[in-house]
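Trainee: Residues per chain are reported as follows:
Protein chains: 2
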Amino acid sequence: MKNETVKIDYGHLEQFCRDVFLRLDLSEYDADSTAKVLVAADLRGIPSHGVGRLSRYVNGLKSGLMVPHAPFEIIRETPSSVVIDAHGAMGPPVSVKTMSMIIEKARKAGSAFGSVSNSNHFGIAGYYAMMALDENMIGICMTNTSLLGVPTFGRRAMFGTNPLAFAAPADKERAFVLDMSTTVVTRGKVEVYDRLGKELPKGWAVDKTGKSASDPGSLLNEMIERLGGGILPLGGEGEEFGGHKGYGLSIMIDVLCALLSGSPFGSEIWDMESSSVRVSHFFGALKIDAFRDPAAFRCDMDRMLEKLRTCEPAEGEERVYYAGLKEYEKEEEYSRNGIPLLKKTYDLLCSIGKEHGVNPPEAIE
Amino acid sequence: MKNETVKIDYGHLEQFCRDVFLRLDLSEYDADSTAKVLVAADLRGIPSHGVGRLSRYVNGLKSGLMVPHAPFEIIRETPSSVVIDAHGAMGPPVSVKTMSMIIEKARKAGSAFGSVSNSNHFGIAGYYAMMALDENMIGICMTNTSLLGVPTFGRRAMFGTNPLAFAAPADKERAFVLDMSTTVVTRGKVEVYDRLGKELPKGWAVDKTGKSASDPGSLLNEMIERLGGGILPLGGEGEEFGGHKGYGLSIMIDVLCALLSGSPFGSEIWDMESSSVRVSHFFGALKIDAFRDPAAFRCDMDRMLEKLRTCEPAEGEERVYYAGLKEYEKEEEYSRNGIPLLKKTYDLLCSIGKEHGVNPPEAIE
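Those protein sequence lines, which keep their order, are chains X and S.
First residue of the first sequence? That's 1 in the working numbering, and the numbers climb one at a time after it.
First residue of the second sequence? That's 1001 in the working numbering, and the numbers climb one at a time after it.
With the rest of the complex left out, here is chain X:
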């Protein structure tokens, strides 16, 4: 069966990834942080960014696209800012390290920001924004990605899916955690439609003429051949539904990630075989106490989030959510009962384990 799943304890899954990375001669810190970031995605119900990508990391490290033991070089530093050159390292360790620095800086300075250049895939942006939550801070994280998004009125990809994450703590409610790409969808969705032989909904993508694309197969082909076409920014085609707004957000994120760190941007970032390379990130933290008593803030957050969560659903809908709520519910369920991995993902892990002499995590059921 295509969607058969295998349940795995998340601690075991983390341990497995960590062990594979250690066999690849990574440091404890690098192995541990990358394992945690990947498994966090599966735990929160975002398998597209989870351990299904382990082979990309393994291959990236072996091919040199991701540089093991790359220096973490501070290019510029002030009490409220830092710019890092990651020198081609894997994204997660350098991102955890940078966000930790930013949080320390914000503790004294009130707010702090950091840009990272020459990095790689870093998993879910939300992970780093959420690091601020227990510190009574608001966390921010962005990254540019390989080329995919077409500007309003254009026909060629000029920017990535450029996600934005924003996390703000509550008290009794789960935190507000927005983690979104700024394109309508990502390439993965188009690939799924291609496999299913379904037409793309109008408003997701344009072909090489810049007009609405309906055939996912030929679109993917045009993109691979660099003939033009790509995914539309949030808001869709033209300006009628606000596509220019999503386009603007994508560029804003490129400015903060790439331009502030002097990195390649937009059309300069091509997807390589095993991973996107030379992407750049942006991290930020705002100390709530610089504005207001954090306890009062958290209490108002509860009030707002509860109102949203309990507001009347549309006809035919069961629930209204707020950003992060679904993911927290998944996290609670999966950390109790195990993470349901697709069988084919599990098989892939087993073969990676075999190759590197690491026992795969045992299935719970």
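No wet-lab data here; the hints were simulated from the structure.
There's no promise every hint is true.
To be verified - Calculated cross-link-like contacts (lysine-lysine; reagent style BS3-like; alpha-carbon spacing at most 27 Å):
#1 Lys108(X) <-> Lys1097(S)
#2 Lys1202(S) <-> Lys211(X)
#3 Lys1189(S) <-> Lys1343(S)
#4 Lys1036(S) <-> Lys1007(S)
#5 Lys202(X) <-> Lys1198(S)
#6 Lys1211(S) <-> Lys326(X)
#7 Lys97(X) <-> Lys1108(S)
#8 Lys1343(S) <-> Lys1007(S)
#9 Lys1198(S) <-> Lys211(X)
#10 Lys36(X) <-> Lys7(X)
#11 Lys1202(S) <-> Lys202(X)
#12 Lys1326(S) <-> Lys1172(S)
#13 Lys1330(S) <-> Lys1007(S)
#14 Lys1211(S) <-> Lys307(X)
#15 Lys198(X) <-> Lys1211(S)
#16 Lys1036(S) <-> Lys1326(S)
#17 Lys1211(S) <-> Lys202(X)
#18 Lys1326(S) <-> Lys211(X)
#19 Lys189(X) <-> Lys1202(S)
#20 Lys1202(S) <-> Lys198(X)
#21 Lys1108(S) <-> Lys108(X)
Said to hold, decoys possible - Partial chain S-side listing against chain X, Cβ under 8 Å, derived:
#22 Thr1078
#23 Pro1079
#24 Ala1168
#25 Gly1203
#26 Cys1311
#27 Arg1319
On a predicted model such as this, the values are computed, not experimentally measured, just so you know.
All residues carry an ideal CB built from backbone N, CA and C; glycine is no exception.
Fit chain S to the given chain X structure using the hints.
Mentor: Below, chain S without anything else, positioned relative to chain X:
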């Protein structure tokens, strides 16, 4: 003719607004800053936020919804942050003052942020973000607004159109200035469709059942009667086109504006007769020098913006823009040749002038 226009010199238009405010016994600073912010909207081709709103300000000041000579009270202040209680003042003066403080703070601290509570309509958010441009800083501005936006899967408005502005300087290119509401459209667009007797495009709004609204008249009525319905977040209905992302952005903005300053949020903000009241704002500035040589940053901005501006347009389209470009082109044209005001807007100004003993600005042609 309905769309007949009258061209007015922007300096004369500013002077006229300033004089009206002075007759209403406002201070020089309040009169001058409000006149500048309103006219800046017309100059940039955003008449919905321009002098067409002068009567709202005049009526607001007279009715007490906008409080003249309200104290500008600093509630909390650190070297990188400030929280202001505007005590019901007009939006523009308190916003110019706060953004100026933020820029001064960022000069020393590297970055700084401020929230303002108990304010009113403040014109275009972009105005305040753009104040950072000449300082080699990136400017940020947000505001919540009166209730209008319906959460994904919901049926009742729970947040405003909550705009976000972001400005980053270039060198030879015009600056990148994103200034966007986080709903698909604003109420004004629905009102235009109502006047024209046109059906609403699917994906703009939902009715009181939470399902796609097509009749603008009955939607406006349902909203006024508080029966439910409202505008959809950027990305439209449900999750297929990313509506949950626009919803998340709107709430993010409410967190930064209202929650950080301890103000009313979302469903607590109702539109009053002459103006929305008790809205809150958020301002920020990032000093580029804290990250990178500003000249190198501006030069890379040129490179990026030129690439976007000159990339190949879609079939049937003439140009690709970047955020702010259209507005700068309008500004250049209108400051040379005069601002084309709708005749009915001009007539309104004349009658306000007559009532307050101020000569209306003369038409250029």
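Trainee: Determine which of the earlier numbered hints do not hold for this structure and return their numbers in increasing order.
Mentor: Hints that this structure does not satisfy do not exist here, as all of them hold.
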